[in-house]
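Participant: As a plain string of letters, each chain reads:
Protein chains: 2
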Amino acid sequence: MRSEFEFIHNIKKRFSLEAIGDDCAVLPMNDEHDLVVTSDLLVQDVDFRLLWATPEQIGHKTLAVSLSDIAAMGGTPIWAMLSIAIPDDLWKTDFLDRFYTGWQDLAHKYGVKLVGGDISRTPRDFVVDCTVAGSVPKGKALLRNGAKPGDAIYVSGTLGGAAAGLELLETDASNHNEVTSKQLEPQPQLALAKLLINNNVASSCADISDGLLADLKHICDASSCGAEIAAQDLPILPLIVETFGSDRATDFALNGGEDFELLFTVPEEKIFMLEYQPVTRIGTITANVDNIRLIRDGKTSIVTPKGYQHF
Amino acid sequence: MRSEFEFIHNIKKRFSLEAIGDDCAVLPMNDEHDLVVTSDLLVQDVDFRLLWATPEQIGHKTLAVSLSDIAAMGGTPIWAMLSIAIPDDLWKTDFLDRFYTGWQDLAHKYGVKLVGGDISRTPRDFVVDCTVAGSVPKGKALLRNGAKPGDAIYVSGTLGGAAAGLELLETDASNHNEVTSKQLEPQPQLALAKLLINNNVASSCADISDGLLADLKHICDASSCGAEIAAQDLPILPLIVETFGSDRATDFALNGGEDFELLFTVPEEKIFMLEYQPVTRIGTITANVDNIRLIRDGKTSIVTPKGYQHF
Chain A
10 MRSEFEFIHN IKKRFSLEAI GDDCAVLPMN DEHDLVVTSD LLVQDVDFRL
60 LWATPEQIGH KTLAVSLSDI AAMGGTPIWA MLSIAIPDDL WKTDFLDRFY
110 TGWQDLAHKY GVKLVGGDIS RTPRDFVVDC TVAGSVPKGK ALLRNGAKPG
160 DAIYVSGTLG GAAAGLELLE TDASNHNEVT SKQLEPQPQL ALAKLLINNN
210 VASSCADISD GLLADLKHIC DASSCGAEIA AQDLPILPLI VETFGSDRAT
260 DFALNGGEDF ELLFTVPEEK IFMLEYQPVT RIGTITANVD NIRLIRDGKT
310 SIVTPKGYQH F
Chain B
10 MRSEFEFIHN IKKRFSLEAI GDDCAVLPMN DEHDLVVTSD LLVQDVDFRL
60 LWATPEQIGH KTLAVSLSDI AAMGGTPIWA MLSIAIPDDL WKTDFLDRFY
110 TGWQDLAHKY GVKLVGGDIS RTPRDFVVDC TVAGSVPKGK ALLRNGAKPG
160 DAIYVSGTLG GAAAGLELLE TDASNHNEVT SKQLEPQPQL ALAKLLINNN
210 VASSCADISD GLLADLKHIC DASSCGAEIA AQDLPILPLI VETFGSDRAT
260 DFALNGGEDF ELLFTVPEEK IFMLEYQPVT RIGTITANVD NIRLIRDGKT
310 SIVTPKGYQH F
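So the sequence lines, in the order shown, correspond to chains A and B.
FYI, the numbering for the first sequence is 10 to 320, going by my numbering.
FYI, the numbering for the second sequence is 10 to 320, going by my numbering.
Mixed in with the good hints there might be a few duds.
One copy or two, either will do: identical chains are not told apart, so a pair holds if it fits within one copy or between any two.
[What the hints assert, rightly or not] The calculated DSSO-like cross-link candidates involving lysine-lysine, where the alpha carbons are at most 27 Å apart (straight line), are:
(1) K147 x K122
(2) K149 x K118
(3) K279 x K157
(4) K122 x K149
(5) K203 x K157
(6) K203 x K147
(7) K147 x K157
Since the hints were derived computationally from the structure, they do not count as laboratory data.
Chain A extracted, bound-state conformation:
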């Protein structure tokens, strides 16, 4: 049985979308800026459940996942297109008003202008596709292919919350705490992205959508290098460790997807620029191509990313 992850991976390959790579497409715009563009499709009962997510939260998340891709490129979001397929039963409620409120609240926060889109009836499932475009200084987009051996590996915020939160919500839809909010209302790291691109701090960058190990592998593959990270350095919310124990918490942090934090590499001489930022060093880039080593409980192993599996 093919997993969701393989499913998406295979089809991206078939569509040559892997070759396009990175979190956004980078397109020429004018003499000063490139355009970065991303699309994210969210499907009811695949990416969220109406049982445990409010319409506002679904609206928020729809935009947040695309803004996270813009952040991963060091971009500043400008405009968005929003396409919605909605079944009759939802249309008859206040769902769409509330969805739109959540979407627009986040859009206003980051100055994103809704410029168009489409809307259609759908026989059954609510589906939404959001395309967001932003700008980056010409030739400066943060790509996945610039990591060099010796670069420090950093992540923003905390890890594993989205996956742990999903498990909590599937057990108890009313469970709202700092862990479930990582699943329900992910925050795009646009402020940090600005710092990373303006000061040429990051040599490579991706957002953590598939899972830390999977996205680290994307950077290592694109940069033809390896990595070594230490489990004890992973920033994990204490509540996750309390709830699930240390081992499972570490697994969530390593393989849980949808944290929408930034994963980036920094040359040693640039590290001082990250002082006081909400980021954590978790390891170092190595010259061992195709080799991601994890130090855990005093033992070093070569790991294979499991990637994120939809429920």
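Given the structure of chain A, go ahead and fit chain B onto it with the hints provided.
Facilitator: Just chain B, lined up with the frame of chain A:
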């Protein structure tokens, strides 16, 4: 019971998408060009049926409807994002390969580059959202708001084929002829669009997606004018008249949607530039705001657009 047309119209109003207006959003790109962007969402059993459309035709149509929006602005398409939600049963077949073949064949024809997108599993219905961006000479995009009293009203190609074709296909899924091909494989009018914009021929332009009268109303509303058209001048495929009779054929031409022909207005002194083009003059713009007059069987009536209703 709300119709599909009202449904979409209302929600566009609620989302302020009406204010955005026109077939594409027009966004600043550089000193020479503006960017025009459009998104179109197609849903299984709403916009097409697997019963009568091949996967290649669905792929073709997915891109064609967006290219038609680009044409309506006088644009040259550049890149596209393609987001797909696909159920397991279709994924296990060659559907997506064939869908993609149809999409890419049309993309290659017009030099459109696929730069990204998303793919997700969906519990049931196949849904696809296509965002296409193009360029227009700065400040020259063909808008709906430039029609002036006295301007000639033109349409490209023939009308009513998509709606008549839909009816034929719903009766007999294997009915393939020049009428059903208007439903199954609409052709974006990019070559004509080029002529209209390069020579400043059109004072306003829209593509016929909702239906001739509905889209003519869009132009009249945006331009604060009225229109008078003659039923006898509508270009209708003879096969439609033979199959459905003259009255129904005229109704298809007036109110059938999805023809994806161009509807545009031309100042009298520019009409000579259309010589030998596959276009037909169907009437004249008037100064009577909110007033669309139809001359049919020797009688003049004020018409209310019915718009396109999905099956």
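Participant: Now look at each hint and say whether the structure bears it out.
Facilitator: Cross-check of the supplied hints:
In the homo-oligomer, the alpha carbons of K147 and K122 lie at most 27 Å apart both inside one protomer (22 Å) and across protomers (20 Å), since each shortest distance falls under that limit. For the homomeric pair K149 and K118, the shortest alpha-carbon distance inside one copy (24 Å) is at most 27 Å, but the shortest distance between copies (32 Å) is not. Taking the closest pair of Cα atoms, K279 and K157 come within 27 Å of each other only inside a single copy of the chain (13 Å); across copies the shortest separation is 61 Å, beyond that limit. Proximity of K122 to K149 under the C-alpha cut-off of 27 Å is found in both arrangements, the shortest distances being 23 Å within a copy and 22 Å between copies.
Proximity of K203 and K157 under a CA criterion of 27 Å is satisfied intra-copy only: 21 Å inside one chain copy versus 48 Å between copies. Proximity of K203 to K147 under the C-alpha cut-off of 27 Å is restricted to the intra-copy arrangement: shortest distance 14 Å within a copy versus 30 Å between copies. For a Cα distance limit of 27 Å, the shortest separation of K147 from K157 inside one copy, 22 Å, qualifies, whereas the shortest one across copies, 42 Å, does not.
In summary, the structure agrees with every hint in the numbered list given earlier.
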